[in-house]
Amino acid sequence: MPFSATPPPPSRIRWRRGRVTASARSGRDTFALTVDVPGDGELPALAYASLVGSPEVGDDVLLNTTALAQGLGTGGYALVVALPDRLPPDPEGPGHLVKARYTPLQVTVQGVDEQETEHHAAIAAADDLAGMPVVVADLHSALPAVLIGMLATDPDLKVAYVMTDGGALPAAFSRTLDALKTSLAGVVTVGQAFGGDLEAVTLHTGLLAAKHVLGADLAIVSQGPGNLGTGTPWGFSGVAAGEACNAVSVLGGLPVGALRISDADPRPRHRGVSHHSLTAFGRVALGGVTLVAPRGLTSELGGQVDEDLAGQPERNVVVWVDTDGLDAALGLSPVPLRTMGRGYPEERAYFLAAAAAGRYAALQVPLPEAALAQEGPTEGTDRAGADATT
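When we follow the numbering used here, the leftmost residue of the sequence shown carries the number 1, and every step to the right adds one.
Hints were generated in silico from the structure; no laboratory data involved.
Here the structure is a predicted model, which is why all the values come from computation and not from measurement.
One thing to keep in mind: the hints can contain errors.
[Unchecked claim] Label pairs and their calculated CB-CB ranges: (1) His120 <-> Gly58: 43 to 51 Å; (2) Pro313 <-> Gly76: 13 to 21 Å; (3) Gln106 <-> Thr232: 44 to 52 Å; (4) Glu369 <-> Pro89: 45 to 53 Å; (5) Pro155 <-> Asp90: 39 to 47 Å; (6) Val57 <-> Glu369: 52 to 60 Å; (7) Glu118 <-> Gly39: 45 to 53 Å; (8) Gly41 <-> Pro334: 32 to 40 Å.
[Unchecked claim] List of simulated lysine to aspartate or glutamate pairs, EDC-like, C-alpha gap at most 16 Å: (9) Lys181 <-> Asp197; (10) Lys158 <-> Glu114; (11) Lys181 <-> Asp29.
Yeah, the Cβ is synthetic: ideal placement off N, Cα and C, and Gly gets one too.
Just need the whole structure built from these sequences, with the hints factored in.
If you want it as structure tokens, here you go:
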């Protein structure tokens, strides 16, 4: 039967109407609410002020409760769709990029790459990352650990975060980003993701903006919170990590893979090196990627990781990085380190691998000219030394 002749699909949203009983700002653009819903009781809800306005106690709200009703992990909130009796003012800001396109909550933002911005000329002329190291992770939870590894190696490095659209689309959903804002040179949201310090149409222009607009020495790429997985070899949103490595390679950057490693995950496919990492980096990243394994794992887990990585294609280089001091740095994280419901140190291997990838990337950043002058002409031009071995 032709697509146009098929009956309309059933409802995809579980709609509810309720009244706000508690409201508190929980981030730059978010409000955490309690909403009394007839028949459902009091529900936790989240509202994005830039989309629906600022809810107050006593406001009636329209809610999407689909993910909450299904118990879907990161999506465990009712989401405010509208304050029907108190609509926000019309937007007045610049910008013509539409994100979350053709959905009922599509938003218009100003892209770093559109013609009316002050950065358009720089992005139009930019075509290269000039070797900038970019750590790519398939989960948002790796972000703070990668950043810790970078800044523990050199606290003066400028690090940008580029958020792709495989998970949450609003950057405001990430409490991690609120806590890390003083440690990042900026956040770039790309594709359908929105709400960063800069907006970009594609991952490619987002990476170029990180380098040429934010002036970053390093970048981290991952999806927002809320990985989607189905337990099948290809049906997980982290596949995009391999495509991100391809973008970095095309633009002349250095792709570095943060491996998903675990000895705590009860699912066999995620123990040792997760099949997500092996698929995204081993089969999708066709331009090659440096895969970083952390020293300091238990002998059993280290042996498993070594075995799992033995089948990597020749284009991927595997390096083992010393992790001295990284456990202490992870213990001082400004945000709780949690992945798949487990924290640090329960998932030590996962966070240590992410921090080691950050350390390796930081070691590839060329030293400033002043530092080179002090070291003398016989020294290398970057920070890499005995910290990493193939």
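**Message:** Between the beta carbons of Gln106 and Thr232, is the distance compatible with 44 to 52 Å?
**Reply:** Violated, since Gln106 and Thr232 (Cβ atoms, about 30 Å apart) do not stay within the stated range.
**Message:** Can you tell me whether the CB distance of Pro155 to Asp90 sits inside 39 to 47 Å?
**Reply:** holds, 43 Å
**Message:** I want to verify a distance hint. Is the separation of the beta carbons of His120 and Gly58 within 43 to 51 Å?
**Reply:** Holds - the Cβ-Cβ distance for His120 and Gly58, about 45 Å, lies within 43 to 51 Å.
**Item:** Holds or violated: Lys181 to Asp197, with C-alpha atoms at most 16 Å apart
**Value:** holds, 10 Å
**Message:** Taking 32 to 40 Å as the stated bounds, is the beta-carbon spacing between Gly41 and Pro334 within them?
**Reply:** holds, 35 Å
**Message:** Taking 13 to 21 Å as the stated bounds, is the beta-carbon spacing between Pro313 and Gly76 within them?
**Reply:** With a Cβ separation near 39 Å, Pro313 and Gly76 fall outside 13 to 21 Å, so the hint is violated.
**Prompt:** Are the Cα atoms of Lys158 and Glu114 separated by 16 Å or less?
**Reply:** Measuring from Cα to Cα gives roughly 25 Å; hence the hint is violated.
**Request:** Using the beta carbons of Glu118 and Gly39, state whether their distance is inside 45 to 53 Å or not.
**Result:** Cβ of Glu118 to Cβ of Gly39: about 51 Å, so the range 45 to 53 Å holds.
**Prompt:** Is it true that Glu369 and Pro89 lie within 45 to 53 Å of each other by Cβ?
**Reply:** holds, 50 Å
**Prompt:** Given the proposed pairing of Lys181 with Asp29, does the C-alpha separation stay at or below 16 Å?
**Reply:** holds, 14 Å
**Message:** Holds or violated: the 52 to 60 Å window for the beta-carbon distance between Val57 and Glu369?
**Reply:** holds, 58 Å
Hint violations for this structure: numbers 2, 3 and 10, all remaining hints satisfied.
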